[in-house]
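S.K.: Sequence:
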Amino acid sequence: MAMNMDPDDKSRFDNFNVLSTTYKSVHEHAIRADVLYPKNPSPETLKTPRPVLVRFHGGGWIGADSLFPPFFAPWHLQLAERHSAVIVSANYRLIPEASIQDILDDVEDFWKWLHSSLTSFLSTETSGALKIDLDRIIVAGDSAGGHLSLHLGLSHPNELRAVLAAYPGVDTKSTAFSQPRQKPVFGLPPIPASIWTDHIEQVRAQEAKTGKKVVVSSDPRMERSPLMWTCTQHGLFGPWFVPEQRGIHILDRIEDGARFPRGGVFVWHSEQDSVVPVEGTLELKKILEEKDPELKLKVHIGEGEHGFDHQININDEWFAEGLNEIVEQWLA
Numbered sequence: 001m002a003m004n005m006d007p008d009d010k011s012r013f014d015n016f017n018v019l020s021t022t023y024k025s026v027h028e029h030a031i032r033a034d035v036l037y038p039k040n041p042s043p044e045t046l047k048t049p050r051p052v053l054v055r056f057h058g059g060g061w062i063g064a065d066s067l068f069p070p071f072f073a074p075w076h077l078q079l080a081e082r083h084s085a086v087i088v089s090a091n092y093r094l095i096p097e098a099s100i101q102d103i104l105d106d107v108e109d110f111w112k113w114l115h116s117s118l119t120s121f122l123s124t125e126t127s128g129a130l131k132i133d134l135d136r137i138i139v140a141g142d143s144a145g146g147h148l149s150l151h152l153g154l155s156h157p158n159e160l161r162a163v164l165a166a167y168p169g170v171d172t173k174s175t176a177f178s179q180p181r182q183k184p185v186f187g188l189p190p191i192p193a194s195i196w197t198d199h200i201e202q203v204r205a206q207e208a209k210t211g212k213k214v215v216v217s218s219d220p221r222m223e224r225s226p227l228m229w230t231c232t233q234h235g236l237f238g239p240w241f242v243p244e245q246r247g248i249h250i251l252d253r254i255e256d257g258a259r260f261p262r263g264g265v266f267v268w269h270s271e272q273d274s275v276v277p278v279e280g281t282l283e284l285k286k287i288l289e290e291k292d293p294e295l296k297l298k299v300h301i302g303e304g305e306h307g308f309d310h311q312i313n314i315n316d317e318w319f320a321e322g323l324n325e326i327v328e329q330w331l332a
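Residue numbers (UniProt numbering): 1 to 332.
Do not rely on the hints blindly, as some may be mistaken.
Said to hold, decoys possible - Just the calculated beta-carbon pair ranges, DEER-fashion: (1) Gln101 / Asn40: 39 to 49 angstroms; (2) Glu294 / Gly247: 16 to 26 angstroms; (3) Asp133 / Lys209: 42 to 52 angstroms; (4) Phe121 / Ala332: 18 to 28 angstroms; (5) Gly304 / Glu328: 21 to 31 angstroms; (6) Ile195 / Val242: 14 to 24 angstroms; (7) Gln179 / Ser42: 49 to 59 angstroms; (8) Thr175 / Leu134: 17 to 27 angstroms; (9) Lys112 / Thr48: 30 to 40 angstroms; (10) Gly304 / Asn324: 15 to 25 angstroms; (11) Glu294 / Leu134: 19 to 29 angstroms.
To be verified - Calculated pairs, DSBU-like style, for lysine-lysine (alpha carbon to alpha carbon, straight line, at most 35 angstroms): (12) Lys286 / Lys112; (13) Lys183 / Lys285; (14) Lys296 / Lys39; (15) Lys10 / Lys131.
Read the hints as simulated data drawn from the structure, not as lab findings. Since we're looking at a predicted model, the values are computed, not measured. Just so you know, even glycine gets a beta-carbon here, dropped at the ideal spot from N, CA and C.
Could you put the whole structure together from the sequences, leaning on the hints where they help?
M.R.: Below, the structure written as structure tokens:
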């Protein structure tokens, strides 16, 4: 079944209330966070503060949006409905206008906002009806968002219960990110590299003319997809994933001693992924087994292309097996 890429089909959110707010402003640009919670929670669940599922969207660090429906895998919503959980999904600055460190700064500022301001925001917006439990948080992300969820897990291992990551960008020093691909990416025809370089020149010209930094943190209709596919096909991420900046690379952080939450890490990837090669996830598994053998780590290598989990259900055997212990840790 092909993925529905209609940016206007919001039907997957029908069972949820959606609240939006600004969690950060930079260069006079507001960056948004979205809060989704079930419309019809069971009455008994409202008596206690609700667990939180933090989510970061994919899009190659270049495009998409927190609420871009095609990239919002239904399993998040199924999980939230089952446990009357609150999903908090964040936008972040996008490259090439921003750096990877800028994005990680946004992730950290979002985390601070989550703890300092979300409770009062929800109290105001729901007249005190919705309460959250900031001691019960897990984080999830897919693709570029998986890269960010892993980073947040390494930064806050004692505050997060567990980490979920779908086909994450992990081995960001590999040639997959810095050299042209030898095989077709997602079945697409070749795209000229000039789409990327011309865009960067236009951004620089605009900044020089206005004297203001160009900031992009939302691409709700995925209009930047040509940029994303060009960068992926031609391996143009290299200047953004600077090798010497060890703090932006997941594997370097683990090598340098960073550790994940003790509740566990669940990563899934597909063998045939042409966008983010599975080798990065396999290398993550290898390093974690060596550096942190006591970590509750589950890695599932499935069949299909990038985004293969958009058709799964939380009751599917392999997914339920990976989730069960993490959910237990989350809700405990």
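S.K.: Work down the list of hints and note, for each, if the structure agrees.
M.R.: To see whether the hints hold, each was checked on the structure:
1. Gln101 / Asn40: 39 to 49 angstroms: holds, 42 angstroms
2. Glu294 / Gly247: 16 to 26 angstroms: The hinted range 16 to 26 angstroms holds for glutamate 294 and glycine 247, with Cβ atoms some 24 angstroms apart.
3. Asp133 / Lys209: 42 to 52 angstroms: holds, 48 angstroms
4. Phe121 / Ala332: 18 to 28 angstroms: holds, 26 angstroms
5. Gly304 / Glu328: 21 to 31 angstroms: Between glycine 304 and glutamate 328, where Cβ atoms are some 28 angstroms apart, the hint holds.
6. Ile195 / Val242: 14 to 24 angstroms: For isoleucine 195 and valine 242 the Cβ distance comes to about 23 angstroms; the hint holds.
7. Gln179 / Ser42: 49 to 59 angstroms: About 52 angstroms separates the Cβ atoms of glutamine 179 and serine 42, which means 49 to 59 angstroms holds.
8. Thr175 / Leu134: 17 to 27 angstroms: violated, 41 angstroms
9. Lys112 / Thr48: 30 to 40 angstroms: violated, 25 angstroms
10. Gly304 / Asn324: 15 to 25 angstroms: 22 angstroms Cβ-Cβ, so the 15 to 25 angstroms window holds.
11. Glu294 / Leu134: 19 to 29 angstroms: At 26 angstroms between Cβs, range holds.
12. Lys286 / Lys112: holds, 32 angstroms
13. Lys183 / Lys285: holds, 25 angstroms
14. Lys296 / Lys39: The given pair, whose Cα atoms are some 33 angstroms apart, holds under the 35 angstroms limit.
15. Lys10 / Lys131: holds, 25 angstroms
Taken one by one, the earlier hints fail for this structure at numbers 8 and 9, listed in ascending order.
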